[in-house]
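**Q** Now for the letters of each chain:
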Amino acid sequence: MKRTLFRLQCGKLIESLEAVPVADGNGGARNKTGDNTGNNTLQLHRADGSRFDLQIVGRDHDTLVLMLNGVRRRVRYVRRGRHMYMSLDGRQAVVEWLEDHDQDSRGQGSSDPVVRAPMPGKVLEVLVATGDSVAEGDPLVRVEAMKMEVDLTAEFAGTVDSVHVSAGDLVDPDAALVTLAPLEKAPG
Amino acid sequence: MVNEFQPIGRILVANRGEIAVRIIRACRAMGIESVIVASDADLDALPSLMADQVVPIGGTAPGESYLMMDKVIAAGVGTGCDAVHPGYGFLAENAGFARAVAAAGLRFLGPSPEVMEAMGLKTRARDRMAKANVPVVPGCMLGDDSDHWVKAGKEVGFPLLVKASAGGGGKGMRAVHQPTQLVAAIEAAQREASAAFGDATVYLERLLVQPRHVEVQILGDTHGNVVHLGERDCSVQRRHQKIIEESPAPRLSDELRQRICETARQAALAVGYVGAGTVEMLLDANGEFFFLEMNTRLQVEHPVSELVSGTDLVVAQIRVAQGESISDMGLDQIEARGHAIEARLYAEDPAHGFLPQAGDLLLFEVPVGPGVRVDSGVRSGDAVTLHYDPMIAKITAHGEDRDQARRRLVQALRETVVLGVQTNLAYLIDVLEHDAFADGLVHTGFVESHMTPWPAEGVNGDATIWLAAAAVGFMGSSTTVRSNAGDLRPTSLWESLGPHRMGGAAQ
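Same order as they appear, the protein sequences are chains A and B. If you count by the numbering used here, then the first sequence holds residues 1 to 188, one letter each, in order. If you count by the numbering used here, then the second sequence holds residues 1001 to 1507, one letter each, in order.
With the rest of the complex left out, here is chain A:
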């Protein structure tokens, strides 16, 4: 039975959650859609050592009913395409399914190497060229959207692997703008 580590990132704050399946004699049954519902029980281990027993009690098209350490609550959600949108107490979260090959190309715990357009807009200026070294936070592309100029920055230090757009291009949301290659980690 395999343990799974999830990482939650809050700005510079990173929290890790380990999901440990609890043997229920059924190996964690999966329903037809491949989601974990029904009689599935997990134990969540937080980095601070706290533990939560999690059970998905039930769900309909927009509500998940969870039991966490014996407390039952409802989380509102909608799934569309690769995204799952969730809300509880005015806090929103989006989770995205990744393609399988993404797993292999991603470094351990690294951020997405592809910098994407956050919204439809126009590329005003490309601030880097292929081969440039960039530090975390360096501006890469300046885009204009809703009459606002926004600099899209590098999420991690690395080199510019490729640039997909040029000044004047109109881009759709999620369009790839720049691909970064992370710095190689020192061995050990």
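FYI, nobody ran anything at the bench for these hints, they're computed from the structure. Just so you know, these numbers come straight off a predicted model, no measurement behind them. Among the hints, erroneous ones may be present.
[Claimed, not checked] Covered stretches of chain B (in silico footprint by chain A; criterion: 3 or more residues with CB under 8 Å from a CB of chain A, positions within the stretch not fixed):
no.	region
1	1347-1356
2	1411-1422
3	1462-1470
Cβ coordinates follow ideal geometry from the N, Cα and C atoms, glycine included.
Start from chain A and add chain B according to the hints.
**A** Okay, now just chain B, sitting in the frame of chain A:
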């Protein structure tokens, strides 16, 4: 201007979104028919479903739709409307539009074009107000003779700003806190202004430190009467746009409150104001207040004044246009009751410069409960597009006192569900729950002083683990997951470390 009773039977709503819904509701409450103009993007929007008639005017971008005066007026004439309500934004403060509406034989629900013009330009409005003895931010032009500079500085008062006449973008601007720094600062500003704009003319203006934005709702009739409906504090702003507004303003003495409101009323009287309007002031930490500008229209944040004064301002606008007087409407004896706070729910990303967001509202549920009011122009399934204002809703709570209103609003926001579009919902909750806000210590630098960076560690509290659990539990079995752009930072970037599975067969 109509000053004997002439009823209005049908109104053209020259706007969209929540304010169009608001105006249509007021029309219905009065038994008046409503006609709305709709761009291609808005043909099936909520206002179009509510109005008695819809006139498609084509286009999507405002310049091709709601700003096309001829089309808008033709819609009103063609459907036999008596009056046009411009809402806010778009054509609401366009004197040329008001004139064209009148020329087409319709009543414009707002002040006269002359008043709109007089108050439209900030510099002209400032001179007009100074003449009417309304305090304006002290300032004076500077000559070449440096002997006069120190005296001028003393008259303006410190701290002050040296600003370039031709200026903009902070160039040629200097803050001066001590009289001894003044001459050097003026010379530096002149050099900078000369280099940047080719014009070395500079002037002095008092620098207000962490001022509050306090504004007064006024209402004038066609019989020469003006009343105020109390003040609003709209200090909590991001990117110079209000996000939380309340009435009455917290931490004001009754004496100061009355002085501010009466000054605003006099300002409106001085220009012969008719209809609903707002006089915006800046209130300094030492209790001095100064005229900022006048908005010759209904404001976004009017609900807080409505809740506290028990007045329907849109109905009042319409009745004024029918020639009714302040006393006809019973508005000469307004008594404020309780406290109201409004939060503006925007499709935007507060963790990334409040960047506007677009997308589909896959699920949108608004709160209900005692003292809770929601003004919105969208429903579940609607799209939030980048063509128009990204405001999704105004959520307002009314309570017996400020703290009750604040707590009700927090609860209302917690019950609000928006799925599919990133919003500032959690940000609003965090502002309302901040100790400084709870204590009424608001000023225009609030967001920079107290909310940066956002989110602060731990603010998401319990919700984090629940949302995390939902995601793990829902999708846990065989997929790698990653969250993006979540409002909830701790779960905003989900990543699994390496390929994983949970229960089930190995991949």
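**Q** State for each hint whether it applies.
**A** Going down the list of hints, with the structure as the test:
Counting residues of the region 1347-1356 of chain B whose C-beta sits closer than 8 Å to any C-beta of chain A gives 6, which meets the bar of three, so the coverage hint holds. Remark: the region 1411-1422 of chain B is confirmed as covered by chain A, as 9 of its residues place a Cβ nearer than 8 Å to a Cβ of that chain, reaching the required three. As drawn, the region 1462-1470 of chain B meets chain A at 9 residues by the rule of a beta-carbon pair under 8 Å; at three or more, the given contact holds.
Of the numbered hints listed earlier, not one is contradicted by the structure.
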